[in-house]
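These protein sequences, in sequence, are chains A and B.
Under my numbering, the first residue of the first sequence is numbered 0, with each subsequent residue one higher.
Under my numbering, the first residue of the second sequence is numbered 667, with each subsequent residue one higher.
Misleading hints may appear alongside valid ones.
Here chain A is said to cover these stretches of chain B; the calculated rule only asks that three of the stretch's residues, wherever they fall, bring their Cβ under 8 Å from a Cβ of chain A [what the hints assert, rightly or not]:
hint, segment
1, 675-686
2, 689-699
3, 703-717
4, 773-780
Simulated from the structure, these hints should not be mistaken for lab results.
Remember, predicted model here, so these are calculated numbers, not experimental data.
Even glycine gets a Cβ: it sits at the ideal position worked out from N, Cα and C.
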Amino acid sequence: MTAASTFPYEGHVPVLRLGGVLLVTLQGDLYDSTAEQLRQDIGETASDSAVTGVVIDLSGVEIVDSFMGRVLSDVAAMTRLLAAQTVVAGMRPAVAITLVELGLTLPGLRTALSTEDAMRQLGDEGSVLPRAGRPHRERP
Amino acid sequence: MTHSTGSVSACLPIHSDLDLVRVRQHVRQMTAHLGFGLVEQTKLVTAASELARNALVHGGGGQMECAPVTTGGIRGLRLVFSDQGPGIADLEQALSDGYTSGEGLGMGLGGARRLVHEFSIDSRRGVGTTVAVTSWISGPPRPREAH
Ligand SMILES: Nc1ncnc2c1ncn2[C@@H]1O[C@H](COP(=O)(O)OP(=O)(O)OP(=O)(O)O)[C@@H](O)[C@H]1O
Ligand SMILES: [Mg+2]
Numbered sequence: 000m001t002a003a004s005t006f007p008y009e010g011h012v013p014v015l016r017l018g019g020v021l022l023v024t025l026q027g028d029l030y031d032s033t034a035e036q037l038r039q040d041i042g043e044t045a046s047d048s049a050v051t052g053v054v055i056d057l058s059g060v061e062i063v064d065s066f067m068g069r070v071l072s073d074v075a076a077m078t079r080l081l082a083a084q085t086v087v088a089g090m091r092p093a094v095a096i097t098l099v100e101l102g103l104t105l106p107g108l109r110t111a112l113s114t115e116d117a118m119r120q121l122g123d124e125g126s127v128l129p130r131a132g133r134p135h136r137e138r139p
Numbered sequence: 667m668t669h670s671t672g673s674v675s676a677c678l679p680i681h682s683d684l685d686l687v688r689v690r691q692h693v694r695q696m697t698a699h700l701g702f703g704l705v706e707q708t709k710l711v712t713a714a715s716e717l718a719r720n721a722l723v724h725g726g727g728g729q730m731e732c733a734p735v736t737t738g739g740i741r742g743l744r745l746v747f748s749d750q751g752p753g754i755a756d757l758e759q760a761l762s763d764g765y766t767s768g769e770g771l772g773m774g775l776g777g778a779r780r781l782v783h784e785f786s787i788d789s790r791r792g793v794g795t796t797v798a799v800t801s802w803i804s805g806p807p808r809p810r811e812a813h
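Could you put together the complete structure from these sequences and hints?
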């Protein structure tokens, strides 16, 4: 077996639920079928509950090609229809540079430097999660 | 002239999405081994992923040949993707951004061309498609200055 960092991910990516936010952590190299499955899983989880945000942690991902790019755009479009936001967190600089050159602009996808940052972005919009260590802001 | 250094060339099949993962990993390892920077590694791996998927999805499967090359002391990696699929009727159209005959984004072929230093494509209807790409370790090689 290869090292964990390059171990290809086949099968299921866990979709965690934290309050109103779905957190998906992608790691290594994803099979196309795994990415497809993920799109479906997020769609199902997002629609059967009051989900207000989806955070996709890409910090462990070494490449995003047009296939993965399409899955990310689809998730963003789908969650928007469900009145939720998708934030992609922790994309590596080399991946971001490559995506631009590839010509993928990923419309509708918001980005954040880290998962915490993404959670904060969603939280600041009055969505979700009570934040630890920060006073809960009342909204009118 | 470009020479194949011959030592570590490989030929990988492209018949499943597991093969796509293997192609990406092989190109990643080779570029890292040859000393490509992280961004250049990522670009070539991404281009390889696009071209391998095209061979699989549009060409009905094929193979990738991978060989280190050198020219004028500069090292690079050359990848040749080939399939015996239906071929591409209109190359210019296929290379243009946003054109897809399926349900993709239509960014793969044109995008792959932008991600590498050298790109050539040969496609014949009913015979198949071959795409060859090369990237060099620090920019494309230039002719040495005459003294
Ligand atoms: N190896 C091939 N054999 C036959 N046709 C091909 C091949 N590669 C590309 N094509 C044709 O060129 C078109 C454009 O290819 P391109 O990779 O840019 O887009 P795509 O594969 O349709 O979508 P994606 O953005 O997901 O890659 C394809 O839709 C297909 O019609
Ligand atoms: Mg393609």
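Going through the hints against the structure:
1. 675-686: holds (count 3)
2. 689-699: holds (count 3)
3. 703-717: holds (count 9)
4. 773-780: holds (count 6)
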